[in-house]
Amino acid sequence: MEVTRELKRQVVYDDDAVRAFTYATIVWGAVALLLGVLIASQLSFWQLNLNISWLSFGRLRPLHTNAAIFAFVGNMMFAGIYYSTQRLLKTRMASDKLSWFHFWGWQLIIVSAAVTLPLGLTQGKEYAELIWPIDIAIAVVWVVFGINFFWTLAKRNEQNLYVALWFYIATIVTITVLHVVNSLHLPTSFLHSYPIYAGVQDALVQWWYGHNAVAFFLTTPILGIMYYFLPKAAERPIYSYRLSVVHFWSLVFLYIWAGPHHLLYTALPDWAQTLGMIFSLMLWAPSWGGMLNGLLTLRGAWDKLRTDPVIKFLAVAVTFYGMSTFEGPLLSIKSVSALGHYTDWIIGHAHGGALGWNAFMTFGMLYWLVPRLWKTQLWSTKLAETHFWLSTVGILLYIVAMWVNGVSQGLFLRALDVDGFLKYPDFIESLRASRFMYGMRLVGGLLFFGSYLLLIINLWATIRSGSKATSSLDVVARSTSTPGGNWRLLRGSPVIYSLAIILIAVLLGISGVVTSAVALALLVILVIAAILSFGLESKKTAGWHQLIEGNSLVFTILVLVAILVGGIVEIIPTLVITHEVPVTTTAAVGDSLAVQVTSSPFKQKPFSPLELEGRDIYVREGCYVCHSQMIRPFRHETLRYGDYSRVEESIYNHPFQWGSKRTGPDLQRVGGKYATLWHYLHMMDPRSTSPGSNMPSYHWLKDGRIDLTHTAHKMDMLSKLGVPYTAEDLAAAQENGLSQGRLIRDDLVQQSVELAPDSEMAAIIAYLQRLGLGPQPIRPDPPAVSQALDQSNANIPTSVKEGR
Amino acid sequence: MFQDFHAHSRLLIWPLIGLVIFLVSFIGVLLYVFFGLHDRTKVEKLSRLPLETEVTTTRVKPEGRAS
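If you read the sequences in order, they're chains R and B. Residue 106 in my numbering is what sits at position 106 of the first sequence, and the numbering runs on without skipping anything. Residue 20 in my numbering is what sits at position 20 of the second sequence, and the numbering runs on without skipping anything.
Note that these hints are calculated values from the structure, not bench results. A hint or two may mislead.
DEER-style ranges, computed between Cβ atoms [stated by the list, open to error]:
1) R/Leu503 x B/Arg48: 39 to 47 Å
2) B/Glu52 x R/Thr386: 32 to 40 Å
3) B/Glu52 x R/Trp151: 15 to 23 Å
4) B/Leu30 x R/Leu503: 16 to 24 Å
5) B/Glu52 x R/Ser95: 48 to 56 Å
6) R/Ile147 x B/Glu52: 20 to 28 Å
7) B/Leu30 x R/Phe45: 49 to 57 Å
Built from N, CA and C at the ideal position, the CB exists for glycine as well.
Construct all of the structure, not just a fragment, from the sequences and the given hints.
Rendered as structure tokens:
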């Protein structure tokens, strides 16, 4: 029985928060783009690093990505969500105070990032660099935003949830899960921490997060904004509401699985790579469904494309969405990834999405929204048109340059001569060949940034010509309660059928031949019964779904289940890998039980105190943004960098440093490849050892000092995460660190170079010289030991070997 | 190769179960779209939700909460 009360009331929307987020979007957009232009310039002209640590590429690049994602798009997203949510729900945001807490909290986080990242305070994981106190602040502010949003949902005056709101729900729920899981760190001080995951686990969790930051921060909320603002601008409803339903559920379910496509051909277990690739390919369909839904909304309004800059920006944004979501799955195909990964192609792909989709949606939304928020007309349509054309040309120059560079680099670095050896053995040759396109990328970036200044002028003049508007709506507030509504949902026939089909399908997967045949028959019967049932009782089914659309709690739970399924089944098996990866010592040989799980001929050693400090400096300077530590199993890679990387080699790496881009060569096995003096000179002036390099000088490492008194505490924290440091290791940490530093100093003194043993330079040299030297083969293997190993392996039951 | 790690692990049943859940959910969504959303009037009403008009005025007095 449904109980309905009706109250007439006027709702006054809170647009002050929307205006605040709009201002923030415009300001941070300028900062993000300017930083992008600066670091693009640094790649062309290394001198622009200015020999200043906090202006070096490795530190500014994370600032650029964070500013673009969380400051620019983040504020735009909040402006769009706050504006559209109130109107779609016909109610004011639940709490003005929470809205303002959200706004100022988010700006404080951005300012904190702008201070800490140039100082080298980072966690060393892409798009998740911010240190742990800021991570906690993000969680608090995000939860406040979520409370305000769901509270507004609860007090709404519109029963049905429009599709845009579904995307907002998915965004809030998923980002919460992603941020919490990926930010689990063990602090060693107020400004430093180690992730609880290491190596392959850290890589999988990070790219599960990283890819879904793109999906649920840069895509789903913007799709929600598209579903609201595109119909508003075109003054016609969305092309197909039905298609938007399929688009939403397919996207939400599929996106979460796709993260491993960032780790193809790495040491990630093969099945996870394949899963990531398959789901990425499946994403093609819903993504293009969404794009077509957006574009076809303009049916009958295409004439506006000639005259209305808002429609121009939105239409091109949706087109770029289609292009980026075509290119993403394409790059996820393993053979394409083999060519494109680690090259500028990925940078081009990312900017096609960031500039073409996110920024153009932002521009379209701002040009539509600002005149309405200030109740005036856009100051200059011509200026907006000019902005459109200049920025479009800017994007095209940018992404074409990166495509050309990416494919060229991929081909260049894999080219073999007739004898099967590298045609271009010196990595620097590919960098030299990329110079021209780096210049073209810079021109494109400058055009995009320059045209953005036109937007600032135009919107500033628009705001000056109007005054703050207050919008209101007379509504008939409906307070509806359905006794037993949630229970009705749970015992509805769609739930019963779905559960039964899932159970039988699982039975089909794990049972023997006869049971499988019965299960298959049952499955077919059930599917037919479900279709007939829904078809014959469509009214009843419609009623059930109407309940879901009107029940935000159940809807949110369903979204949570959809995103958790993919995350759990990919991550959990990899998390147990610690217990099964062979990590052994020679002492284990002869112990049959130990041999069962530790039959590897390799021995993994944790980093020494000085190497650990050097590693922290490597992370601080952002070396991973240009150098990978992951050699893929290709001939051209093993010839160039050494033997391919193995999963156990990074088992103690908190955080992993596999990287995602090679502006410089891979460093996995750089240890021992060059003399200590070479590393010293390379750090002081990279061009002295590598003519043509665009790497910044790191001369400040010579004068910087490490605090070895704190190293034992760091090692202690790592030992809590499973790194096998002993009490003796901790007690001798300071002395051992200094001793290793003295060896490096003594080596350099012979070459007439003075270096303090506790300098940051000594530490990073120690770390670089260690890379690739562990785990080390247990050599020599006496014949007796080998026989014992073989014998022990032979005695192990097959079920044990297979982990059963 | 260590990339083959878990290749025979029973844990790998979970990705398959995940795939099944996706398949069933997807079929469920399709059934909903084809059979549940057959009411044209309702679909039209839902898709027109963003197009509702509102009254906009410039601010002349301190803004209050919804009355």
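Here is how each hint holds up against the structure:
For R/Leu503 paired with B/Arg48, a C-beta distance near 40 Å keeps the hint of 39 to 47 Å intact. For B/Glu52 paired with R/Thr386, a C-beta distance near 33 Å keeps the hint of 32 to 40 Å intact. Separation of B/Glu52 from R/Trp151 is about 22 Å and conforms to the stated range, judged on CB atoms against 15 to 23 Å. Taking 16 to 24 Å as the suggested C-beta distance range, the pair B/Leu30 and R/Leu503 conforms, at roughly 20 Å.
Taking the beta carbon of each, B/Glu52 and R/Ser95 are about 23 Å apart, not inside 48 to 56 Å as hinted. Checked against the hint of 20 to 28 Å, the pair R/Ile147 and B/Glu52 passes, with Cβ atoms roughly 26 Å apart. At about 55 Å, the CB distance of B/Leu30 to R/Phe45 agrees with the hint of 49 to 57 Å.
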